[in-house]
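S.K.: Let's have the full structure, built from the sequences with the hints guiding it.
Protein chains in written order, with my numbering: chain G, 7 to 251; chain C, 310 to 563.
You may find that some hints are simply not true.
To be verified - In silico lysine to aspartate or glutamate, DMTMM-like type, Cα no more than 20 angstroms apart, as pairs:
| id | chain 1 | residue 1 | chain 2 | residue 2 |
| --- | --- | --- | --- | --- |
| 1 | C | Lys523 | C | Glu508 |
| 2 | G | Lys132 | G | Asp106 |
| 3 | G | Lys218 | C | Glu528 |
| 4 | C | Lys523 | C | Glu538 |
| 5 | C | Lys523 | C | Glu455 |
| 6 | G | Lys218 | C | Glu530 |
| 7 | C | Lys459 | C | Glu508 |
| 8 | G | Lys218 | G | Asp242 |
| 9 | G | Lys218 | C | Glu484 |
| 10 | G | Lys132 | G | Glu45 |
| 11 | G | Lys132 | G | Asp242 |
| 12 | G | Lys218 | G | Asp228 |
| 13 | G | Lys218 | G | Glu182 |
| 14 | G | Lys132 | G | Asp166 |
| 15 | G | Lys218 | C | Asp529 |
| 16 | G | Lys132 | G | Asp95 |
| 17 | C | Lys459 | G | Glu127 |
| 18 | C | Lys459 | C | Glu516 |
| 19 | G | Lys218 | C | Asp527 |
| 20 | C | Lys523 | G | Glu202 |
| 21 | G | Lys132 | G | Glu37 |
No wet-lab data here; the hints were simulated from the structure.
The structure displayed is predicted, hence computed values, not measured ones.
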Amino acid sequence: MSDTQAMARNDAERIVAEVRALLAPVQAGLEALRDEIVEAFRAADSDGRPVVEADLLDLPGFFAAHGLMQDVAVGVGFVGAPGAVNGQDRYILWWQRRGDGFARLRLNFEPDSVDVYDYHEMDWYKVAAESSRPVLYGPYVDYSGSGHYVFTGAVPVRSDRFIGIAGADLSVTVMERRLTGLLRTVDLDALVVTGERRVLAANTPRWVVGAKLQAPPSPGGDAGFLAVVPVGLDTDWSVAVASPE
Amino acid sequence: MANDIADPGPLAPMLGRPSYRGRADEVAQRLEEAILLGLLSDGEQLPTEIELANQFGVSPMTLREALAQLRERRLVVTRRGRSGGSFVRRPAGPDPDQILPRLRSMSVTQLRDLGDEVSAIHVHASRLAAGRASPTNVRRLFALAEQLHKATSVRDRVRADSRFNIEVAMAAQSERLTRRQVLLQAELAEMLWIPAGEELSVDAVVERHHGLAKAIADEDEATAGSLAEQDVALRLRRLIRLHLDLTEPEGSAR
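M.R.: Encoded structure:
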């Protein structure tokens, strides 16, 4: 391994640790919210009654999670499995940041409407529901939901059954700014890229954020990558470092 | 084609529209988008004026102005009294009484210009989408093409068709192109699907949507761009044909 390669590897590993630290509050906030929701469902179960909206409305976890994630989160909420709340097929309790306060997100759930917001079909919901592991999905333009370019983090909520997901929409703009700040400490060319080859942030105009790389970055290929280190946690992200063009 | 209104020349766009869009216009526009996209459903009661004003961060006065605009566009009805409030009124479908006069009053130049703008947005969004779409975007594009195929009412066709075009902009990962496309669809889609003149072939549009979805799935930028361009050109042709039919002088041979 050459000196440059060793340096690249070092840089990539250091940035990965920082990115993990950046994502830690997201995970912590969502897990705490998940625990409160599970508790509310257990309480209703032991009373032998179905869960209704009033059981969830005042949970402090929604706003505690907002507090932990600060301006990274544009929204935090709970998305119910079919029948979980009020016996409804679809149920969502989602708090959007609006100026200094929060507003509840309204969505269209008319089942036979063409533009129904059918989250049961959304990847962030499906992966969390089916594999029962947390996901960080995106980035994507969520025009039918919150109207922002976001990531969605989702943590499955289950007691003896699957109840739904605790989730957060994270601003791509804020996340990119933080990631770019980290990447700027690298002298070589560096980027954060998702499993679908999409560029999240880079310390050079060589890669455009939101565009996809021609091929997954791998050391020793034509693209000049020296080191590629997966971020892990709930992401399919990697930090990749290349020799300057 | 008699159009005797004095032409104000190249300054027309500036004279016709105030360069400063007030806050009320912005709020009205956001609400209109939400209604046309179906985020607010038909008959749904809007939050109180105070609540809404807080949500948008505007004064109650500004909000009332925005609601007045929506009432004028017949997208909201306000009822007074105990069970009063403002309610969403989603159009059941394109209303020929509103749309045909609009199509008649536009000049071919204006229609062509609208087509130019659609083309600039949609063709480029299609090219970008081919380079950037996620697997979810691709799945939704095919699903929306299928929804258009299965739609039985004009209203559902308008929705499925415009949602397809909006999804292309979403696949381009661009908030701005998405927003532009939403506005353009609000202006264009109903005119396009209005049941008048020569019938618009649903199958042909579905086939073009499928082709574009496939080009985006294949990451084939050139094909995506040229298919989108053809699609916009065909749409413009239909609008010009309708316009000419509407303005045909009486007793003309054609």
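S.K.: All hints are to be evaluated individually against the structure, with a verdict given for each.
M.R.: Tested hints:
1. Restraint check for Lys523(C) and Glu508(C): not satisfied, since their Cα atoms lie roughly 26 angstroms apart, outside the 20 angstroms limit.
2. Of the supplied pair hints, the one linking Lys132(G) and Asp106(G) is violated, its CA atoms being roughly 32 angstroms apart against a limit of 20 angstroms.
3. The hinted pair formed by Lys218(G) and Glu528(C) meets the criterion: a straight-line CA distance of about 10 angstroms does not exceed 20 angstroms.
4. Restraint check: the Cα-Cα separation between Lys523(C) and Glu538(C) comes to about 15 angstroms, which is no more than 20 angstroms; the hinted pair holds.
5. Under the criterion of a C-alpha separation no larger than 20 angstroms, the hint pairing Lys523(C) with Glu455(C) is consistent with the structure, at around 13 angstroms.
6. At roughly 13 angstroms between alpha-carbon atoms, Lys218(G) and Glu530(C) fall within 20 angstroms of each other, so this suggested pair holds.
7. Proposed proximity of Lys459(C) and Glu508(C) is supported: the alpha carbons are some 17 angstroms apart, at most 20 angstroms.
8. Taking the CA atoms of Lys218(G) and Asp242(G), the gap is about 14 angstroms. The hint holds against a cut of 20 angstroms.
9. Our distance criterion of 20 angstroms between C-alpha atoms is met by Lys218(G) and Glu484(C), whose separation comes to about 17 angstroms.
10. With a CA separation close to 23 angstroms, the supplied pair Lys132(G) and Glu45(G) exceeds the 20 angstroms bound.
11. Proximity of Lys132(G) to Asp242(G) is assessed by CA-CA distance (about 16 angstroms); at most 20 angstroms being required, the pair is judged to hold.
12. With a C-alpha separation of about 16 angstroms, the suggested pair Lys218(G) and Asp228(G) falls inside the 20 angstroms cut-off, and the hint holds.
13. Distance check on the hinted pair: Lys218(G) and Glu182(G) sit about 15 angstroms apart at the alpha-carbon level, within 20 angstroms; holds.
14. Taking the CA atoms of Lys132(G) and Asp166(G), the gap is about 19 angstroms. The hint holds against a cut of 20 angstroms.
15. Pair hint Lys218(G) plus Asp529(C) holds up; C-alpha atoms about 13 angstroms apart against a cutoff of 20 angstroms.
16. Note on Lys132(G) and Asp95(G): the hinted pairing holds, with a Cα-Cα distance of about 15 angstroms set against a maximum of 20 angstroms.
17. Taking the CA atoms of Lys459(C) and Glu127(G), the gap is about 19 angstroms. The hint holds against a cut of 20 angstroms.
18. For the hint pairing Lys459(C) with Glu516(C), the CA-to-CA distance comes to about 13 angstroms; that is within 20 angstroms, so the pair holds.
19. For the given pair, Lys218(G) sits about 14 angstroms from Asp527(C) by alpha-carbon distance, which is consistent with the 20 angstroms threshold.
20. Between Lys523(C) and Glu202(G) the alpha-carbon distance is near 18 angstroms, which keeps this suggested pair within the 20 angstroms criterion.
21. Restraint check for Lys132(G) and Glu37(G): satisfied, since their Cα atoms lie roughly 18 angstroms apart, inside the 20 angstroms limit.
Hint violations for this structure: numbers 1, 2 and 10, all remaining hints satisfied.
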